[in-house]
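Count along the sequence shown from 1, add 743, and you get the number used in the numbering used here.
By construction, these hints were calculated from the structure, which means they are not laboratory data.
Treat each hint with caution, since some may be false.
[Stated by the list, open to error] Capping the alpha-carbon separation at 20 Å, the derived lysine to aspartate or glutamate pairs in EDC-like fashion look like this:
#: 1; residue 1: K769; residue 2: D795
#: 2; residue 1: K1049; residue 2: D1011
#: 3; residue 1: K940; residue 2: E1026
#: 4; residue 1: K1049; residue 2: E1016
#: 5; residue 1: K816; residue 2: D806
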Amino acid sequence: MNLAEAKERIRIPDVWAHFNFPGEPKASCKSPFRDERKPSFSVNADGTLWNDFATGEGGDAVDFFQRASGLSKPEACRKFIELAGGSSTPTPRTARAPRVEPAARAKPSFPDFRQGTAAELAALAQLRGIGLEGIQFAHERGLLWFATLKGCPAWIVTDSARVNAQARRMDGQAWEHVQAKAWTARGSWASWPIGIKEAQPFPAIALCEGGPDFIAAHYFALWEQATHYTKRDVRCVPVAMLGGTLNIHPEALPLFKGKRVRIFGHDDEAGREAAERWARQLEPVGADVDAFSFAGLVKADGSPAKDLNDCLHLNADGFRETERILP
744 MNLAEAKERI RIPDVWAHFN FPGEPKASCK SPFRDERKPS FSVNADGTLW NDFATGEGGD
804 AVDFFQRASG LSKPEACRKF IELAGGSSTP TPRTARAPRV EPAARAKPSF PDFRQGTAAE
864 LAALAQLRGI GLEGIQFAHE RGLLWFATLK GCPAWIVTDS ARVNAQARRM DGQAWEHVQA
924 KAWTARGSWA SWPIGIKEAQ PFPAIALCEG GPDFIAAHYF ALWEQATHYT KRDVRCVPVA
984 MLGGTLNIHP EALPLFKGKR VRIFGHDDEA GREAAERWAR QLEPVGADVD AFSFAGLVKA
1044 DGSPAKDLND CLHLNADGFR ETERILP
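Please model the entire structure based on the sequences and the hints provided.
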């Protein structure tokens, strides 16, 4: 028997049982390799892949066997084939790491954000080219705030968790102290997805890259799904990752369970990599995931559409091609 044949016979739940690990391998479970209070481990539905979100480790059933046994890769492969053939001798497992209580990460202390005035909401709608209804919807949901920071009027995306916040200037210019248009507030848990707790009552999520697309998605939700522009009876709401290089925070992953998720990464290499990475994180926790492609979409001015905000300004052909954007 070769290794491929052995993997057809033996799945991760079989290896889990072989080592007599406590608990049950599933989409969200506690690690068998250490004591922990909150689940940070995942095994996919067919038992062929595992992922440890706390350590970044993962792999197939053979990798799981090697991690559990502490053997070298060649020796682990040999023992795995033995196990598949029914002639395996008992395999000692590595010592279970004791739980080390991490120091509780303090929530950041943000400046005083405030609700926007009617004039500020209208100014932001004009700045971003987003219908005012979308701006108002994000504001009503407690996800869009305003402040004066570094002497500049600013708009901020954050949520009720108050662990992540990102500010942009109302004049559209870059912040001098970071030399960038987006400024993530000091102490932020940058990988926390903005709006994930607010999304819990809804069956579908538009997972956006960055604050502008996050706000634009609020307009799309009303445009495509609300029965009237003054109503908020939508099935899909936006959630934002405020950076394409980030992984989704482990504590937020279970909140995507059972959700229909469409990822809107920017139309560049970093955005496509982000979409693939987020999908790999979300599928094991039980989310139904796909990604939107901006390829071939053109704005009314003839330039390519590269993100969701751009899709508010598609030419006629683009609007016909994208009859429905959100899930």
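Comparing the hints with the structure gives:
no., hint, result
1, K769 / D795, "holds (12 Å)"
2, K1049 / D1011, "holds (8 Å)"
3, K940 / E1026, "holds (19 Å)"
4, K1049 / E1016, "holds (15 Å)"
5, K816 / D806, "holds (8 Å)"
Consistency with the previously given hints is maintained throughout, with no hint failing.
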